[in-house]
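Please build the complex by placing chains S and A on the supplied structure of chain Z, with the hints as guidance.
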Amino acid sequence: MFQARARAEVLKEVVNVVSTLVDEAKFTLNAEGLTLRAVDPAHIAMVDLTLAKDAFEEFKAEESEIGIDIDKLSQFLKLARGDDIVDLRHDEDKRKLKIVVGDITRHMSLIDTTGMSDPKVPNLNLPASVTVRSDDLLQGIRASETVSDHIALVANSEGFEMSCEGDMDQVHWKKAKKDLASLQTENSVRSLFPLEYFSNMLKSVSSGSEVTMHLGSDYPVKMEFRIAGDKGEVRYLLAPRIESSD
Amino acid sequence: MFQARARAEVLKEVVNVVSTLVDEAKFTLNAEGLTLRAVDPAHIAMVDLTLAKDAFEEFKAEESEIGIDIDKLSQFLKLARGDDIVDLRHDEDKRKLKIVVGDITRHMSLIDTTGMSDPKVPNLNLPASVTVRSDDLLQGIRASETVSDHIALVANSEGFEMSCEGDMDQVHWKKAKKDLASLQTENSVRSLFPLEYFSNMLKSVSSGSEVTMHLGSDYPVKMEFRIAGDKGEVRYLLAPRIESSD
Amino acid sequence: MFQARARAEVLKEVVNVVSTLVDEAKFTLNAEGLTLRAVDPAHIAMVDLTLAKDAFEEFKAEESEIGIDIDKLSQFLKLARGDDIVDLRHDEDKRKLKIVVGDITRHMSLIDTTGMSDPKVPNLNLPASVTVRSDDLLQGIRASETVSDHIALVANSEGFEMSCEGDMDQVHWKKAKKDLASLQTENSVRSLFPLEYFSNMLKSVSSGSEVTMHLGSDYPVKMEFRIAGDKGEVRYLLAPRIESSD
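Chains as they are written, first to last, in this note's numbering: chain Z, 159 to 404; chain S, 159 to 404; chain A, 159 to 404.
Calculated lysine-lysine pairs in the DSBU-like style (CA-CA distance at most 35 Å, straight line):
id	chain 1	residue 1	chain 2	residue 2
1	S	Lys254	S	Lys170
2	S	Lys211	A	Lys332
3	S	Lys256	A	Lys336
4	Z	Lys256	S	Lys332
5	S	Lys252	A	Lys335
6	S	Lys336	Z	Lys218
7	Z	Lys332	A	Lys389
8	Z	Lys361	A	Lys254
9	S	Lys170	S	Lys335
10	A	Lys254	A	Lys389
11	Z	Lys170	Z	Lys256
12	A	Lys278	A	Lys254
13	S	Lys256	S	Lys236
14	S	Lys218	S	Lys252
15	S	Lys170	A	Lys332
16	A	Lys336	S	Lys252
17	A	Lys252	Z	Lys332
18	A	Lys335	S	Lys254
19	Z	Lys211	S	Lys332
20	S	Lys335	Z	Lys254
21	Z	Lys218	Z	Lys256
22	S	Lys335	Z	Lys218
23	S	Lys218	S	Lys256
24	Z	Lys254	S	Lys336
25	S	Lys361	S	Lys218
26	Z	Lys211	Z	Lys236
27	A	Lys332	S	Lys252
28	S	Lys218	A	Lys335
29	Z	Lys335	A	Lys236
30	S	Lys278	S	Lys389
31	S	Lys254	A	Lys336
32	A	Lys170	Z	Lys332
33	S	Lys170	Z	Lys236
34	A	Lys218	A	Lys361
35	S	Lys254	S	Lys278
Quick caveat, the hints were computed from the structure, so don't treat them as lab data.
Next up, chain Z with everything else stripped away, as it sits in the complex:
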């Protein structure tokens, strides 16, 4: 059993985050809310999302799983304004999700979740963490996109840097410790990441949010941010690229 009502902008946030990595996703439901864990087809990145029942206007669910075509849900939500109320109801007999916005009802076929994996979140010991405004990060990413396919994230006691080295040009985006919301690191750490993944992930973060990144050297980055007015949380994990030593 699952039935809920939510403001469209909450569901849009969820869809933006998930669609970054997968087209279809399994939502796990219980009385406390909703969780979702998914790995992209290339196994380079993982998303781990939780949304408490308080993020909804109404929420009732038994333990269950529903498989959703994220594109379809995204298209449907485009019909709604941010503060429209969306009504969701799982029709178990017909294996559909009934979604209502205003005068419109869609009966959406659900996806069989039998074959869908349950990714484990790896246990990572990441020595550095830095908190940055998403809009600042996006500006650094936009500056990098014309220069290389990879971006290095560097944290040390002085500040945080994104660095992009192309054959011809180099781009550096840098914030001193005093200009960061938070910075904790004992040693200098540096890892290299595929820029497209990193960029898509950050573009899914709502403007005005803060993103906390946990970093090591040649280790994955774990990015955390809040959604749904602090009633939900997203963790992205992104695997590093090995830097060539030339």
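Chains S and A only, in chain Z's frame:
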């Protein structure tokens, strides 16, 4: 003889309506105003437009016909703001339409109307009629576009419904009688239409307008709406599709 | 040696003008400011731009030349708002231009200027001149673009006209002398130009500017306008097309 002056937004409304179905059109002129009737190349839909001379700032015409390339006229009108005055004059010797907006004059070749048909408006007895705001209809159409190529229009004593049944998903848009500007029907009627035609027709209606639809069962729909601040009228006819009985 | 600070919108104006004709350009620097002269690859048009040191917030330069990839500079400037300060510094050892906007630094490879030509500005005796608002000219150009690939510029004692003659349609844009900022001509002059070049040049002019055109009969047009709040000047030269006499 034809010479007239009109606000650009009036002509833009005409062009939007006509370009839905045809690239070239024959305008029939007389002292009372302008009429246009055209059938799309696939003979699925017809437009029947009348614009009274009062819709113009100035209007003088003898009985005549001019064939206009709708794309060219549309391009030219994009140069004008809505409240700019457009000056039109038929140069019969050169077979051109002289159009002036501000500092710009275009001498536009007219199209030979000899071969252009004079479609007859069929005499239809449609038992149901419903009046709906164009913006509401458009939202239902947008919800349907991802689901199927066809849309069913259904009217009964309780309300009006647009319904779209795909292989996987179904979309329903529904208004109860009390939420409709008008609804008149004795029995329940239902007809199926090609969504793309229906969608293009409604997208040509100015935002904020009301559209009256006359409906039967497996019969064409006749859509009526006013243009040019009530000084003009459009009737669209759209042929039904036969519903398969599976 | 070259180091300077400028508001981003000043550099954007320069980039817009230069990118109309070339992808790469040689900037010539000295203590008084910056000049640039370039001819498009087809040798149909020339740009001659000067920017006084007063156009910059700070400006220090010895006599030198730097070759810049205009596309790269344009991309980078898109990261800045108009009133952001851009810091430029020539790193002669690494043959790079270091550009800083806010938190972002780009080290941009410079282009070897050895093979780049030094075009001479031809000495032209153009008997007519007319000054027109750029936005008015652009409207005439937009009206012409659907009609022909060429545009005739005509000046006489009564006014100024842009005229475009296609096989089917003709477009004329005309301003009487009294509606022009300035018009000086003894005889009637007329020259024909490739519309795409003329259009691209005028689209690079900031909205609200005035453009002075110097004209003859079957002669190049010289277009002049100010940039950087009157601290810079642009001259475009565009070669005429010979009119066929049919």
